[in-house]
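Chains as they are written, first to last, in the working numbering: chain B, 1 to 128; chain P, 1 to 128; chain Z, 1 to 128; chain Y, 1 to 128; chain A, 1 to 128; chain R, 1 to 128; chain S, 1 to 128; chain H, 1 to 128.
Treat the hints as calculated values from the structure; they're not laboratory data.
Please note that the accuracy of each hint is not assured.
What the hints assert, rightly or not - With a straight-line Cα cutoff of 20 angstroms, these simulated PhoX-like cross-link-like pairs (lysine-lysine) come out:
no.	chain 1	residue 1	chain 2	residue 2
1	Y	K77	R	K55
2	R	K127	Y	K77
3	H	K50	H	K77
4	S	K127	H	K19
5	Z	K127	P	K55
6	P	K55	Z	K55
7	P	K19	P	K50
From a predicted model like this one, the values you see are computed outputs, not experimental measurements.
Protein chains: 8
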Amino acid sequence: MVDVAVIAGSASDGEIVSKATIVLDEESITYDFQVLSAHRDPEELATYVKNSEAKVFITIAGLSAALPGVVASLTEKPVIGVPVAAGTLGGLDALLAIAQMPRGVPVACVGIGNGANAAHLAVRILKM
Amino acid sequence: MVDVAVIAGSASDGEIVSKATIVLDEESITYDFQVLSAHRDPEELATYVKNSEAKVFITIAGLSAALPGVVASLTEKPVIGVPVAAGTLGGLDALLAIAQMPRGVPVACVGIGNGANAAHLAVRILKM
Amino acid sequence: MVDVAVIAGSASDGEIVSKATIVLDEESITYDFQVLSAHRDPEELATYVKNSEAKVFITIAGLSAALPGVVASLTEKPVIGVPVAAGTLGGLDALLAIAQMPRGVPVACVGIGNGANAAHLAVRILKM
Amino acid sequence: MVDVAVIAGSASDGEIVSKATIVLDEESITYDFQVLSAHRDPEELATYVKNSEAKVFITIAGLSAALPGVVASLTEKPVIGVPVAAGTLGGLDALLAIAQMPRGVPVACVGIGNGANAAHLAVRILKM
Amino acid sequence: MVDVAVIAGSASDGEIVSKATIVLDEESITYDFQVLSAHRDPEELATYVKNSEAKVFITIAGLSAALPGVVASLTEKPVIGVPVAAGTLGGLDALLAIAQMPRGVPVACVGIGNGANAAHLAVRILKM
Amino acid sequence: MVDVAVIAGSASDGEIVSKATIVLDEESITYDFQVLSAHRDPEELATYVKNSEAKVFITIAGLSAALPGVVASLTEKPVIGVPVAAGTLGGLDALLAIAQMPRGVPVACVGIGNGANAAHLAVRILKM
Amino acid sequence: MVDVAVIAGSASDGEIVSKATIVLDEESITYDFQVLSAHRDPEELATYVKNSEAKVFITIAGLSAALPGVVASLTEKPVIGVPVAAGTLGGLDALLAIAQMPRGVPVACVGIGNGANAAHLAVRILKM
Amino acid sequence: MVDVAVIAGSASDGEIVSKATIVLDEESITYDFQVLSAHRDPEELATYVKNSEAKVFITIAGLSAALPGVVASLTEKPVIGVPVAAGTLGGLDALLAIAQMPRGVPVACVGIGNGANAAHLAVRILKM
């Protein structure tokens with residue numbers, strides 16, 4: 001059993017994933033890492049999230065960035081979203097997609113590409 | 001059995017839904033209408049989409065607007081997305097969320113609030 | 001006779017064209033490819049579109065990106081538009097120009113530079 | 001024969017048209033006024049532009065605003081474009097569509113909704 | 001002792017505050033509410049945050065929206081930030097100010113004006 | 001005496017200047033070229049504009065890009081403005097500064113970095 | 001002789017002017033007020049600025065907002081600029097025009113419509 | 001005792017700092033330079049600002065850029081803010097954070113990355 005589940009929407013998000021896992025390692029937080037797309041792997045994603053014993057989810061996605069919101073709809077645990085600057089708009093698309101969630105399905109959005117802060121936020125939540 | 005399935009993410013999207021259904025009615029296209037949120041009703045949405053015999057989906061959503069992409073991941077049929085200006089950003093958030101889909105899961109995005117064009121596009125596809 | 005007509009507004013859009021044609025080739029969809037500008041070649045464009053036997057049009061354009069809309073005004077068939085990040089604004093200009101069509105002349109807009117999704121959308125339409 | 005041809009893309013652009021024609025009247029510039037959409041009336045538009053004896057074109061359009069560019073591709077005379085704030089983005093869409101023309105097909109873009117300046121610019125050109 | 005400290009940067013943020021406290025009341029979460037500006041009341045704010053026994057902070061601010069980040073620098077507990085559309089930019093200013101925090105000082109940003117989701121996120125964290 | 005006066009706000013705008021002068025040379029239009037800043041050389045600029053016998057002004061500027069508007073306030077002749085992508089915002093700053101002129105002082109704005117279209121527009125005006 | 005010269009680019013900026021003068025009155029700072037457009041009244045503006053004995057200039061302008069920069073080029077005294085939300089873009093145009101000045105001609109930009117802060121900044125400078 | 005206190009929010013802002021200090025050196029203005037983050041070093045920052053005998057503060061920060069506003073809340077002296085293009089949005093985030101200060105706590109914002117103009121503005125203030 002791990003404390004945090006880290007999910008990236010694409011294998012190309014690796015650099016941002018590392019920024020998160022370096023901090024988790026430093027803080028001795030255990031985690032599991034998966035690449036699962038909300039759009040391409042919806043069933044595997046649902047199975048993974050529902051069976052995970054992690055206490056907090058860190059989700060990392062670019063472009064239309066549905067992953068954080070979909071994870072938040074599959075669990076009642078806290079979900080952190082990291083927008084990735086994956087296209088030509090500097091990540092503004094992913095930032096808006098992750099922050100502008102409808103009422104009742106909250107995602108904790110951090111800064112564009114800021115995997116480190118996603119981990120620091122998870123640490124704050126876990127240390128409560 | 002209907003030709004088009006119209007799905008709105010929120011009951012508050014009714015004005016944009018009407019713009020689409022008026023055109024469908026004029027063109028004598030049969031349709032079914034549902035309010036199903038990608039975030040709040042993921043299982044009902046999946047059941048509905050997988051069981052639908054519609055040939056084309058029209059999806060209408062504001063803010064982070066995950067609905068069109070999620071529907072596109074649940075079906076191999078054409079999915080049209082209509083961004084709604086639901087918050088304070090004039091619908092730019094929804095436009096980016098619907099247009100900027102990852103490779104392999106296409107959504108046909110039309111203009112902000114342009115339910116009419118979603119219907120006109122469905123008509124073009126159905127008349128092929 | 002081909003299934004898809006691929007039209008780029010400029011010879012410099014070649015990289016995005018390739019993203020579309022690779023998918024069409026993989027899916028064994030036949031296509032014709034032309035470089036025709038809505039602004040510089042309006043008559044050749046009109047002749048080509050009106051005489052084409054393709055069932056779906058994929059149009060690729062940057063900057064003010066009038067091509068998709070002009071093609072949609074010349075045919076009753078489905079028209080897909082791909083915004084290209086051709087200038088210094090990351091393609092936001094082309095995205096808005098392609099998505100924000102007036103009522104009655106629909107274009108199916110996909111993501112900036114996402115030629116692959118234009119092709120995937122064409123496949124969905126053709127397989128109906 | 002008139003000095004200026006004023007073309008609006010939609011009947012709903014009337015307020016901006018008036019801002020232009022008031023100035024033209026004050027300056028005793030003769031003009032003809034038409035509502036012709038680049039997308040809905042392409043053939044009437046082409047016929048009108050090619051037969052017009054006006055020396056300068058003022059074109060007024062919102063949303064994807066293809067009208068100014070299409071007129072500029074149909075004539076070698078100066079074409080002025082006025083972006084209209086027709087949707088929910090404050091006219092940023094129309095501004096970019098009118099300003100960001102490809103090389104070789106120039107449009108003289110003025111400010112959003114600034115029909116008066118379109119007329120003042122026409123006056124400067126005509127008084128040369 | 002309360003579970004949540006709700007801090008608004010300005011008395012004019014009351015409508016957004018209510019969206020949060022309605023949810024907290026529904027969920028029987030206890031909270032304390034203060035109006036404290038990061039810029040106008042920095043010392044009272046520091047005293048309040050450091051002495052608070054709340055487990056989670058909900059911070060609500062518009063414009064340059066320094067409040068969430070300043071609170072996050074004063075405590076090691078989780079801090080949620082709600083951007084308010086206080087000026088003429090629809091809250092884009094506050095959204096960027098709250099989301100784009102430097103590494104090491106995380107804020108959990110929710111949507112513009114979405115006080116309800118701030119409370120729902122706090123509930124998820126508290127229920128862990 | 002020359003047909004066109006080309007004024008750049010900064011020596012660093014040379015690449016965009018060349019795009020204009022190449023077209024003017026091709027079209028055998030005579031021109032004079034100056035680097036004069038609206039902010040750093042206001043008096044030389046006023047003297048130059050008022051004494052110039054050119055029929056059309058092409059003005060090229062980045063950032064807050066006051067040059068085109070200031071020239072338009074110094075002459076009754078047509079003034080064309082070219083926004084330069086000089087900073088980190090892709091030229092959006094200069095585009096807005098040049099397009100959004102107040103009523104009565106018109107500038108003909110072309111696309112970001114599009115010196116060629118400034119020259120093509122000047123040619124259209126001169127050939128009237 | 002007054003401490004501050006307040007210049008608005010347009011009579012329609014009166015509401016923002018009042019926000020500044022209320023603060024100046026409260027702080028017993030003497031001021032002179034003029035409506036002078038950088039574009040429509042360049043010579044009166046130059047005469048006024050060069051003859052003014054004010055120690056600080058507060059300049060208020062919307063749209064392309066050249067006024068603050070032009071004043072800064074006419075004097076070596078501190079110039080404060082207030083962007084006005086005069087058009088349909090919420091004042092983003094004026095904010096960029098006032099902030100993005102070229103090197104050597106500084107303007108002290110405050111928030112959109114924030115006449116009060118312009119006055120508060122003037123007070124800080126005068127109290128040095 | 002120095003005339004100007006230059007504070008950067010991060011050691012990575014060095015290039016922009018140099019643009020300011022080169023001008024201060026040229027103008028023979030004495031200054032002190034510190035790297036102090038509003039978020040990571042709030043107490044050192046408060047101590048430094050309150051004990052500083054500088055007459056003007058130049059503050060340099062990227063992303064959510066709280067530094068200028070926090071300094072302005074700690075002193076009654078003039079505070080100049082320089083937005084840094086530190087992330088993927090070209091500095092638009094920092095520009096808005098620095099310019100859009102609440103009433104009563106003014107910051108004099110200059111252009112993105114324009115350390116030189118911050119220094120020039122300080123010179124104007126000091127020479128009064």
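Against the structure, the hints:
no.: 1; hint: Y:K77 <-> R:K55; verdict: holds (16 angstroms)
no.: 2; hint: R:K127 <-> Y:K77; verdict: holds (8 angstroms)
no.: 3; hint: H:K50 <-> H:K77; verdict: holds (10 angstroms)
no.: 4; hint: S:K127 <-> H:K19; verdict: violated (27 angstroms)
no.: 5; hint: Z:K127 <-> P:K55; verdict: holds (10 angstroms)
no.: 6; hint: P:K55 <-> Z:K55; verdict: holds (17 angstroms)
no.: 7; hint: P:K19 <-> P:K50; verdict: violated (25 angstroms)
Going down the numbered hints, you'll see the structure goes against 4 and 7, while the others check out.
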